[in-house]
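If you want the building blocks of each chain, they are given just below.
Number of protein chains: 2
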Amino acid sequence: MATIKDIANKLGISISTVSKGLNNANDISEGLRQTVLDTAVEMGYTTKKMRKEEHKKLCIFIENMNYESPNHFGYDIILGFKQAAYRDNWDVTLFPIDPDFQQQEKYDTYMLKNGYSGAFWVGFALQDAWMAQLDQTTIATALFDNYIEKNPNVAYIGADSFEGINAAIDHLVNLGHRKIAFLNGSLHSMITEHRQQAFYDSMHSHNLPIEACLVANDYYCSESAKHYVPAFLANGATAIVCGSDEIAYGVMAECHREGFRVPEDISVIGFDDLPQSGESTPALTTIRQERIELGKCGYAALNNLINHVSISKILLRPQFILRDSTSVKCPHAS
Amino acid sequence: MATIKDIANKLGISISTVSKGLNNANDISEGLRQTVLDTAVEMGYTTKKMRKEEHKKLCIFIENMNYESPNHFGYDIILGFKQAAYRDNWDVTLFPIDPDFQQQEKYDTYMLKNGYSGAFWVGFALQDAWMAQLDQTTIATALFDNYIEKNPNVAYIGADSFEGINAAIDHLVNLGHRKIAFLNGSLHSMITEHRQQAFYDSMHSHNLPIEACLVANDYYCSESAKHYVPAFLANGATAIVCGSDEIAYGVMAECHREGFRVPEDISVIGFDDLPQSGESTPALTTIRQERIELGKCGYAALNNLINHVSISKILLRPQFILRDSTSVKCPHAS
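The listed protein sequences correspond, in order, to chains F and G.
Just so we're aligned, residue -9 is where the first sequence starts under the working numbering, counting upward by one.
Just so we're aligned, residue -9 is where the second sequence starts under the working numbering, counting upward by one.
Just chain F, with the same shape it has in the complex (with noise of 0.2 Å):
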């Protein structure tokens, strides 16, 4: 576990500062107390302070994606969520589960026999069993990218789809771009939903046809590019929009196994923004979501709904990052 040395060194402030911080000293300013106990959540350092009373109890569950490392997806998210909760001293633990835990209990009875006042859930898959509780639970649950109708006790918070999506094709349609691929994630989860249907609106709304042959949904990594990308290629498409970084990286890959230059013969366009998506070759232009904002949102979303107000949607806006993989299009391209 972290010292307050290490926290120290890592801000350059004294120890003394440090302790300021995590004890609520008066002389010591509001911004910088934040940022000593931002990062004593993110460098694993609670004080008995910190942890808490018993009854004050918030947890995290998380499934089918990876957030062990910072590279991963799922972990500035985590980190958002428990630096905003523990601003308010709550304590939160995190729970990676899998489809069977979810059969083994029903999720209010888990909840309501550990004394958690409510939960953030990540990475969960439509057709998970406690999917299907959601529309009666009295829990205050706040979920990553999945929206429930109705019921005032859930809330839905995440990145706009469509303004992601829609500023690639933006990007794509302003450098002649006009055979668009779209490689997504699988069909079982409601923002590979909202993507595919971001990406026919936003092509529509450029007066772009879709063509069947372009559009394909496999899993989301990067080995889903090879079983489609060949034939994309054959097919003409002089650019494909990718569901996530992850798979972009595969179909990079795989656009180079086929003799394809990225960016020169066919741009490439990822979506989430990864930590190293600014060191691949090419560097990825993509749609970045604000991870740590998003975990943030999710605190608060979730805090409104333990004090009763019922928030529905919080969506922020991604941003369009432009790097190294898009480009005009090739003008030998049909």
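None of these hints come from the bench; they were simulated from the model.
Some hints here could point you the wrong way.
Copies of the same chain look alike in the list, so a pair counts if it works inside one copy or between any two.
Said to hold, decoys possible - List of simulated lysine-lysine pairs, BS3-like, C-alpha gap at most 27 Å: (1) Lys303 to Lys140; (2) Lys169 to Lys140; (3) Lys319 to Lys140; (4) Lys10 to Lys47; (5) Lys10 to Lys0; (6) Lys0 to Lys169; (7) Lys10 to Lys216.
Chain G: place on chain F using the hints.
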């Protein structure tokens, strides 16, 4: 202006406790301190300390909406915004404006010249001069019931129209109604368009036909009713959903003039839940927007924008309020 004694009387606590709350003393609970501050804001009491430094200034622009008294729609929205902003030490100025005011100076110029860090807009119409400038503004701007695509400096907050209208249609269908009319505000505002689309979508999802003779748009006021209600009744409507409570008051009066009893002969549903809607005859069944919370969400969105977190949307779930203006479809109706 209210005195400390007025605040003490209203809350039923001592003057010294009020003073502690206003001066951030240590020996008062955080909850009570916030109640004291909220009440002070509500009663118009401000200490020198609460008036804040000159450079932390926000403003609210309001038009097309009454806000002066607690039974006006805008009153609680402004109150909620101010309560949340004062907690973070912002000074807030309210500007009731009109379209002419927007012609005199550009929005960004006005804001920069006067040293405001951001603004909350309430009641703007789509054709307002300043609305056209929002695509490009660099000023943090939170809009109540308006949405701007793409600009990361602008956020939209409001109640989810589809959930609200759908709850009303659900209720009426469960009571046996099929010929449901809709009297909405004028289509120069985004939110009116949303409610209109929500009506079409909800009727469609309930497998009910939309009859052109049962849908109309006019101003958000009770006088609108007399132009349309006689035709709705003549065309066999057994229920009328209204775009606002003000419209619903007029609809109930007009039904009465035409010799129809509410709810025995015709059901009426409002939207907003104004304070006086529980006191109408009959008491109005309506869709409640939590206006204090909408104001607080407006501040939360604006504060995020100022800190460069690009909130796109915060939507609250409206709440269905069942009172006495709806009942099972009259058996004599067609």
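Subject >> Unmet hints by their number, sorted upward, for this structure >> reply: Per hint list: 6, 7 violated.
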